[in-house]
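J.: Sequence:
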Amino acid sequence: MSVVASFVAECARSGRWVRGVMALHSSIGAEDASIGRARLRLASSILRKHWCAALPLIRPEDVQYVDDLARLVHECSMCAEVPADVFDSAVVKLLTRARGKDEIQTQLFLSATKWTNWHQATRFFTMLDTPGALCRDSLMILLMNALGSGSISKQHTIGLILSQLKLTNSRHIGNGRRDHLSSISAANAAHSYIEKGTDLVKVWSALRERDGISTKLVMSLARAAIQGERCSWKLPLSIHGRNRVVGDSTEVLSKMIAICCPQHWRAALGHFVVEGRLALWLASRYSWEAGLVVSKLVSIPRREKYDILCRCAIPLPQLRGIATVAGAKIRLSNASKRSIAVRLASGYTTEELQLSAFAKVCQKNGDWETSLSLFHRVATEEFQQRAVQCILAHCPGFGVKKLLQLVNEHCPANTWTTSMLVKHSDDWVEALYVLRHVMARGTRCNPQILSAFMDVQPPVDVVSTVVRNTTFAGRSEGIMRRLEILEISGKSPQH
Numbered sequence: 001m002s003v004v005a006s007f008v009a010e011c012a013r014s015g016r017w018v019r020g021v022m023a024l025h026s027s028i029g030a031e032d033a034s035i036g037r038a039r040l041r042l043a044s045s046i047l048r049k050h051w052c053a054a055l056p057l058i059r060p061e062d063v064q065y066v067d068d069l070a071r072l073v074h075e076c077s078m079c080a081e082v083p084a085d086v087f088d089s090a091v092v093k094l095l096t097r098a099r100g101k102d103e104i105q106t107q108l109f110l111s112a113t114k115w116t117n118w119h120q121a122t123r124f125f126t127m128l129d130t131p132g133a134l135c136r137d138s139l140m141i142l143l144m145n146a147l148g149s150g151s152i153s154k155q156h157t158i159g160l161i162l163s164q165l166k167l168t169n170s171r172h173i174g175n176g177r178r179d180h181l182s183s184i185s186a187a188n189a190a191h192s193y194i195e196k197g198t199d200l201v202k203v204w205s206a207l208r209e210r211d212g213i214s215t216k217l218v219m220s221l222a223r224a225a226i227q228g229e230r231c232s233w234k235l236p237l238s239i240h241g242r243n244r245v246v247g248d249s250t251e252v253l254s255k256m257i258a259i260c261c262p263q264h265w266r267a268a269l270g271h272f273v274v275e276g277r278l279a280l281w282l283a284s285r286y287s288w289e290a291g292l293v294v295s296k297l298v299s300i301p302r303r304e305k306y307d308i309l310c311r312c313a314i315p316l317p318q319l320r321g322i323a324t325v326a327g328a329k330i331r332l333s334n335a336s337k338r339s340i341a342v343r344l345a346s347g348y349t350t351e352e353l354q355l356s357a358f359a360k361v362c363q364k365n366g367d368w369e370t371s372l373s374l375f376h377r378v379a380t381e382e383f384q385q386r387a388v389q390c391i392l393a394h395c396p397g398f399g400v401k402k403l404l405q406l407v408n409e410h411c412p413a414n415t416w417t418t419s420m421l422v423k424h425s426d427d428w429v430e431a432l433y434v435l436r437h438v439m440a441r442g443t444r445c446n447p448q449i450l451s452a453f454m455d456v457q458p459p460v461d462v463v464s465t466v467v468r469n470t471t472f473a474g475r476s477e478g479i480m481r482r483l484e485i486l487e488i489s490g491k492s493p494q495h
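For the sequence shown, the tail end lands on 495 under my numbering, and the numbers increase by one without skipping.
Rather than coming from a laboratory, the hints here were simulated on the basis of the structure. Any given hint might turn out to be false.
Computed cross-link-like contacts, DSSO-like style, restricted to lysine-lysine with a CA-CA straight-line distance of at most 30 Å [stated by the list, open to error]: (1) K296 x K255; (2) K364 x K401; (3) K402 x K255; (4) K255 x K234; (5) K401 x K423; (6) K360 x K401; (7) K402 x K360; (8) K364 x K402; (9) K360 x K423; (10) K234 x K49; (11) K423 x K296; (12) K93 x K49; (13) K423 x K402; (14) K423 x K364.
With these hints in hand, go ahead and build the complete structure from the sequences.
T.: Dropping the structure here:
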């Protein structure tokens, strides 16, 4: 080993990487094998500290130092600081440089795919000149790990790739290449590996060497923790937490967190890319309050939200707010085609026509909870009016201010609903609050609403201010005569 190589190696061990880089620049043009290996070790030591300075130390001709280069590629694949596209382009350049050298390509491919997703592994596989059995086995295991999760299109794509790999194996065997029999047996054994897990003794031995860490190893530890084997859930999280997040392993880790340590659901949603049903199930494993919070954020059908949350100890009123009516319990009776066509032309939907009769029955029976859920499903004036009337009649403790939550810009209150809310107010102050609330959300004031407000007996000056600030269309001769009588007598309005 030359003096420069010894100095660079010592700089890599002591962490003085700037001096090591300066020494390498001074030896340009006179580099030997020892300096090349020392340069790769220096790049590996500073990768997590300053990857922008580490990656330029890698050169295309470094494929001759395949052992050190493979170790560096593995470190780069795990480094969370290195962008995924930068790592992808670097591996593609190295595989292209190693064309015609099958053993070097195989070693680089195996190192690059230990900590990567199936997209990148498939891309790297296409760069190989003659993929060997080890490369094919590694890709198959990655694909089968990712096959059980994700969208239907993703599973279909993975299935096509797996079938193509098995077809390639069959062709090789038909041509007399019996050495590839191990690929088929490995592909068949991969499923049992995923289902049953691996021997933990092998896992512990792999952890002793940095090169042995892979996503397959982390997923094995996570499955062991889920199945209650002698493995703590902290170990796979500690390994995965300081490295790059790989999408193929996030589902297994999320399931492990939900089963073993659901109190960390917020950290799991923030660190891993967890969405949809899995995110809702993960949060609901901790508490029903967390499930309700996440149910408002995920974009899945309400029926699926109900199916997930009904498995936890969620109170029935909150669960009814999520549940949807599967269909009409009672359809419209004696409804001709003409009447249905008229209602459709008036803006009603088929669902409204089917649920309208059911809403009438709920109002008649006093089922205010179902009436409320019907309004949340079909937010129209009819369902709003029936829900308000049913709640006021059969649940007086609900409160008028809570009922105002049913009034918004998309569904303003009509005259009847506003009058009922005003009349059921505790006092004229609450009635005035109701009046301002509904008018700010699109309700037009009219004589009927003003008459209901005057019936709650507010002070004369308040009535005068409200009436005179109302538009001309909202007044009537009867309202103005009633106001004049109040102002002359100086008394509160009487029924």
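J.: Taking the hints in turn, state whether each one holds.
T.: Status of each hint after checking the structure:
The straight-line distance between the Cα atoms of K296 and K255 is roughly 21 Å, inside the 30 Å bound, and the hint therefore holds. Taking the CA atoms of K364 and K401, the gap is about 24 Å. The hint holds against a cut of 30 Å. About 38 Å separates the Cα atoms of K402 and K255, which puts this hinted pair outside 30 Å; it is violated. Under the criterion of a C-alpha separation no larger than 30 Å, the hint pairing K255 with K234 is consistent with the structure, at around 14 Å.
For the suggested pair K401 and K423, the alpha carbons sit about 13 Å apart, so the restraint of at most 30 Å is met. A distance of roughly 24 Å separates the Cα atoms of K360 and K401; the hinted pair therefore holds under the 30 Å criterion. With a CA separation close to 22 Å, the supplied pair K402 and K360 stays within the 30 Å bound. Our distance criterion of 30 Å between C-alpha atoms is met by K364 and K402, whose separation comes to about 22 Å.
Pair hint K360 plus K423 holds up; C-alpha atoms about 23 Å apart against a cutoff of 30 Å. Our distance criterion of 30 Å between C-alpha atoms is met by K234 and K49, whose separation comes to about 25 Å. For the given pair, K423 sits about 34 Å from K296 by alpha-carbon distance, which is inconsistent with the 30 Å threshold. The straight-line distance between the Cα atoms of K93 and K49 is roughly 23 Å, inside the 30 Å bound, and the hint therefore holds.
At roughly 15 Å between alpha-carbon atoms, K423 and K402 fall within 30 Å of each other, so this suggested pair holds. Restraint check for K423 and K364: the C-alpha separation of about 21 Å stays at or below 30 Å, so the hint holds.
Checked against the numbered hints above, the structure violates hints 3, 11; every other hint is satisfied.
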